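Peer 1: Model the full assembly from the supplied sequences, consistent with the hints where possible.
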Amino acid sequence: MSLLEVRNLDVFFGARQVVKDVSFSLEAGEKLALVGESGSGKTVTAQSILRLVEGARLAGQINFAGRDVLTMNTPQLRALRGGEVAMIFQEPMSALNPVMSIGAQIMEVLQLHKGLTRSEARAGAIAALERVGVPEAARRIEQFPHQLSGGQRQRAMIAMALACEPKLLIADEPTTALDVSIRLQILELLDQLRAETGMAILIITHDLNLVRRFADRVAVMERGVLVEQGRRETVMEAPQHPYTQRLLASRPQRDVGAVGAGCVLSARELCVDYPVPRPGLSGLFRRNQFRAVDRAQLELAPGETLGIIGESGSGKTSLALALLDLLPSTGEIRIKGEPWRADDAATRRALRRTVQVVFQDPLSSLSPRLSIARIVGEGLEIHEPGLSAEARRERVAQALLDVGLSEDGATAALLERYPHEFSGGQRQRIAIARALVLRPDIVVLDEPTSALDVTIQQQVLQLLGALQRKYGLAYVLVTHDIDVIRAMAHRVIVMKDSQMVESGPLDEILHHAQNPYTRKLIAASLR
Amino acid sequence: MAPGIASPQTPARRAWRRFRAHRIGFYSLWIFLALFALSLCAEVISNDKPLLARYEGHWYLPIFQNLPETTFGGDFETPTDFLDPFIQQQFAKPGNLAFYPPNRYHYSTINYFAPVPNPAPPGATNLLGTDDRGRDLFARLLYGFRVSVLFALAVTGVCAAFGIFYGALQGYLAGWTDILMERFVEIWNAMPTLYMLIIFSALFSPSVWLLIGLLALFGWMGIAAYVRAEFLRNRTLDYVRAARALGQRNHIIIWRHILPNSLTPVVTLIPFEMAASIAALTSLDFLGLGVPPGTPSLGELLNQGKEGLDAWWISLFTFGVLATTLLLLILIGDALRDALDPRKQIAEVAP
Numbered sequence: 013m014s015l016l017e018v019r020n021l022d023v024f025f026g027a028r029q030v031v032k033d034v035s036f037s038l039e040a041g042e043k044l045a046l047v048g049e050s051g052s053g054k055t056v057t058a059q060s061i062l063r064l065v066e067g068a069r070l071a072g073q074i075n076f077a078g079r080d081v082l083t084m085n086t087p088q089l090r091a092l093r094g095g096e097v098a099m100i101f102q103e104p105m106s107a108l109n110p111v112m113s114i115g116a117q118i119m120e121v122l123q124l125h126k127g128l129t130r131s132e133a134r135a136g137a138i139a140a141l142e143r144v145g146v147p148e149a150a151r152r153i154e155q156f157p158h159q160l161s162g163g164q165r166q167r168a169m170i171a172m173a174l175a176c177e178p179k180l181l182i183a184d185e186p187t188t189a190l191d192v193s194i195r196l197q198i199l200e201l202l203d204q205l206r207a208e209t210g211m212a213i214l215i216i217t218h219d220l221n222l223v224r225r226f227a228d229r230v231a232v233m234e235r236g237v238l239v240e241q242g243r244r245e246t247v248m249e250a251p252q253h254p255y256t257q258r259l260l261a262s263r264p265q266r267d268v269g270a271v272g273a274g275c276v277l278s279a280r281e282l283c284v285d286y287p288v289p290r291p292g293l294s295g296l297f298r299r300n301q302f303r304a305v306d307r308a309q310l311e312l313a314p315g316e317t318l319g320i321i322g323e324s325g326s327g328k329t330s331l332a333l334a335l336l337d338l339l340p341s342t343g344e345i346r347i348k349g350e351p352w353r354a355d356d357a358a359t360r361r362a363l364r365r366t367v368q369v370v371f372q373d374p375l376s377s378l379s380p381r382l383s384i385a386r387i388v389g390e391g392l393e394i395h396e397p398g399l400s401a402e403a404r405r406e407r408v409a410q411a412l413l414d415v416g417l418s419e420d421g422a423t424a425a426l427l428e429r430y431p432h433e434f435s436g437g438q439r440q441r442i443a444i445a446r447a448l449v450l451r452p453d454i455v456v457l458d459e460p461t462s463a464l465d466v467t468i469q470q471q472v473l474q475l476l477g478a479l480q481r482k483y484g485l486a487y488v489l490v491t492h493d494i495d496v497i498r499a500m501a502h503r504v505i506v507m508k509d510s511q512m513v514e515s516g517p518l519d520e521i522l523h524h525a526q527n528p529y530t531r532k533l534i535a536a537s538l539r
Numbered sequence: 448m449a450p451g452i453a454s455p456q457t458p459a460r461r462a463w464r465r466f467r468a469h470r471i472g473f474y475s476l477w478i479f480l481a482l483f484a485l486s487l488c489a490e491v492i493s494n495d496k497p498l499l500a501r502y503e504g505h506w507y508l509p510i511f512q513n514l515p516e517t518t519f520g521g522d523f524e525t526p527t528d529f530l531d532p533f534i535q536q537q538f539a540k541p542g543n544l545a546f547y548p549p550n551r552y553h554y555s556t557i558n559y560f561a562p563v564p565n566p567a568p569p570g571a572t573n574l575l576g577t578d579d580r581g582r583d584l585f586a587r588l589l590y591g592f593r594v595s596v597l598f599a600l601a602v603t604g605v606c607a608a609f610g611i612f613y614g615a616l617q618g619y620l621a622g623w624t625d626i627l628m629e630r631f632v633e634i635w636n637a638m639p640t641l642y643m644l645i646i647f648s649a650l651f652s653p654s655v656w657l658l659i660g661l662l663a664l665f666g667w668m669g670i671a672a673y674v675r676a677e678f679l680r681n682r683t684l685d686y687v688r689a690a691r692a693l694g695q696r697n698h699i700i701i702w703r704h705i706l707p708n709s710l711t712p713v714v715t716l717i718p719f720e721m722a723a724s725i726a727a728l729t730s731l732d733f734l735g736l737g738v739p740p741g742t743p744s745l746g747e748l749l750n751q752g753k754e755g756l757d758a759w760w761i762s763l764f765t766f767g768v769l770a771t772t773l774l775l776l777i778l779i780g781d782a783l784r785d786a787l788d789p790r791k792q793i794a795e796v797a798p
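First to last, the protein sequences are chains A and B.
Count along the first sequence from 1, add 12, and you get the number used in my numbering.
Count along the second sequence from 1, add 447, and you get the number used in my numbering.
Heads up, none of these hints are tricks.
If you anchor each label on the Cβ, the simulated ranges turn out as follows:
1. L480(B) with E406(A): 40 to 46 Å
2. L679(B) with P291(A): 21 to 27 Å
3. R464(B) with S35(A): 35 to 41 Å
If you're looking for bench data, these hints aren't it; they were derived computationally from the structure.
A quick note: this is a predicted structure, and the numbers were derived from the prediction, not measured.
Virtual Cβ for every residue (Gly too), placed ideally from N, Cα, C.
Peer 2: This is the structure in structure tokens:
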């Protein structure tokens with residue numbers, strides 16, 4: 013008999029059915045990956061196993077170790093949750109209680125489920141932290157979540173989940189919020205703990221690299237339906253369902269044009285400093301400088317993509333914002349030979365149109381109260397004030413057509429709509445249209461695809477590549493995703509702790525990296 | 448893919464749709480608007496002069512004309528008292544006509560010809576009875592309601608305008624300007640408001656405008672705090688950055704990008720501010736520090752009710768009007784808050 017058996021599970025929110033007739037099973041010690049894009053119902057399915065979904069109506073059968081979860085009463089459920097089935101979440105910062113120390117939170121679980129005394133629970137908490145590889149566990153248990161790094165926080169979460177030796181661990185996107193080099197460590201930790209305790213792991217993810225590396229079996233979900241499941245090798249090598257095939261083909265494909273001659277953007281000795289309060293009382297009056305970017309150098313040719321890769325906090329976004337002159341910086345930036353920080357405001361404003369930007373989150377980068385026509389047309393109002401309203405609409409419609417917002421070319425109907433009426437991928441296309449309508453020479457792309465689903469990611473990257481070839485655009489591409497770099501970049505800059513640790517042509521960086529950090533980054537990309 | 452709704456959905460229209468789905472708040476808004484509209488026509492509903500009169504072949508509009516008693520066969524040049532039995536006899540003669548409003552009393556009318564001593568209980572002559580000076584209670588309540596609501600609108604309008612301005616300045620400029628302005632708000636907040644109001648009312652001769660000014664002076668900080676917080680948040684969002692990357696000018700960024708996205712808490716606060724203003728006016732009137740004597744006022748009626756507990760109808764009906772008004776406003780505010788809740792907006796967008 014399987015450890016977990018889900019049969020014909022339906023989940024309804026009111027009249028809306030979000031999970032349709034899902035069946036799968038999980039043996040003890042097995043690693044099953046539940047794969048799907050956002051909105052596919054994978055998280056709801058996993059949370060239904062513990063009946064954690066509020067306001068949902070469940071139908072079907074969920075058997076855990078021979079008992080029916082759907083008919084359990086509250087005390088039985090409580091014993092199941094955290095006791096036999098544990099769960100870890102994507103964002104450890106919000107899943108841990110910020111006002112309780114790590115130790116107290118692990119002890120709480122132990123006292124609740126195992127009935128240990130305080131001192132026993134304390135010893136148990138230290139042991140649990142040691143087991144997940146947190147150094148100096150005895151000291152760490154006094155610390156609060158904000159004092160730990162992202163990776164340690166996730167380890168603490170895992171320690172908490174595993175404190176009661178569950179038979180099944182449900183891991184909901186456990187590595188998505190972490191930096192790439194830490195992702196691998198967490199996965200290795202999970203695998204090692206599974207080998208030690210013999211628990212089963214149900215991992216929920218959208219990341220196919222992770223599946224390839226980690227899972228024994230794969231179940232693929234699309235819009236609430238489980239479309240395909242089977243052994244990892246079978247599903248990955250010979251997918252049957254068209255959706256799985258599309259998902260697997262969604263790895264960004266390299267398709268870049270030739271680099272032009274000349275130099276549209278150059279930066280020399282570029283530094284960005286943030287004021288940070290000094291510790292203690294003197295912080296009220298004096299501030300220290302935190303250097304986010306330290307003496308960066310770069311050059312960009314027309315039609316070239318310069319990839320800037322680094323982990324969070326490495327200063328890559330600060331560098332991008334400084335290139336846009338949205339952050340105060342020192343050093344020299346020249347745009348087509350002209351210094352960015354020209355003295356008179358008119359020249360500066362005129363230069364603005366040559367450098368445009370696309371941000372990561374398409375939801376927050378479009379003003380929610382303006383129509384698409386006004387959002388995309390705003391730059392034209394500023395830089396081409398002579399344009400008539402008719403001509404401006406024409407240009408906006410052309411830009412929307414360029415970014416492929418509608419297949420049939422009927423963009424006129426879209427102009428009066430508002431951002432919330434579009435999906436994430438469409439919103440990102442609108443943001444690209446806003447940047448393109450001014451015919452810039454340089455576009456700064458700040459993590460342009462990380463907020464998007466994998467299949468959409470690929471489409472947006474293809475679009476960016478096509479636009480680059482069509483208009484000879486130069487891109488500064490900021491990302492943490494080496495796959496995106498592989499697909500798009502001509503040259504790469506690797507950043508770590510505010511420094512440019514390495515830079516050079518893509519092939520050289522990928523295959524002959526000099527710097528150990530670069531090599532680690534490439535190795536950790538779960539390929 | 449783009450949704451199949453024919454007309455584009457402005458954010459305001461979406462909020463209105465959610466507001467409408469909130470039945471209690473939606474009906475409260477209509478009831479409140481109907482009551483307010485009625486009270487704006489108070490002169491036609493409750494007045495001691497006929498709307499239209501015909502006397503000896505001539506037509507008169509007594510509401511708009513000041514007619515001496517001699518016009519209708521009286522002895523004196525004084526303004527006509529249409530409640531005078533003699534005048535009523537004159538109109539009862541064949542050929543003469545008078546169309547009266549539904550309630551035959553103005554708020555200032557003293558019925559010298561009442562059959563019972565003042566305050567008179569509810570009855571055929573005075574629907575809700577009279578106050579201690581023989582003025583019709585229904586008329587006083589109707590006009591008093593109008594004064595309260597207009598007063599609340601004025602106070603809220605001034606507060607909102609100044610609060611938005613102050614908060615926007617704080618939030619957009621940030622840094623030292625923000626810190627200094629915030630300290631000023633804290634000092635201002637610490638002032639004993641009621642005490643100040645009592646002093647000012649004693650210093651100056653009472654008038655409605657003075658009260659509006661005083662209450663607005665101490666009422667704008669809440670709105671400013673919300674607008675400041677919204678500005679501080681919105682100015683760092685990517686769409687503001689994108690506008691700056693386009694080279695957009697500062698004042699246009701504030702006006703077009705930040706302000707419309709920062710007004711949600713203000714709209715939500717407005718009904719609550721109005722309720723607070725009405726309550727403040729009522730309490731000042733109750734203490735005798737409010738509107739000038741003679742102005743119809745709910746607080747003054749409550750005070751009368753307290754003085755003469757035997758005249759139960761004064762307390763009861765005044766309390767009824769006040770409680771209904773405040774309840775309606777709060778229900779509207781509740782529905783508005785739900786309609787504008789950003790989390791619900793996101794929930795609606797998500798697939």
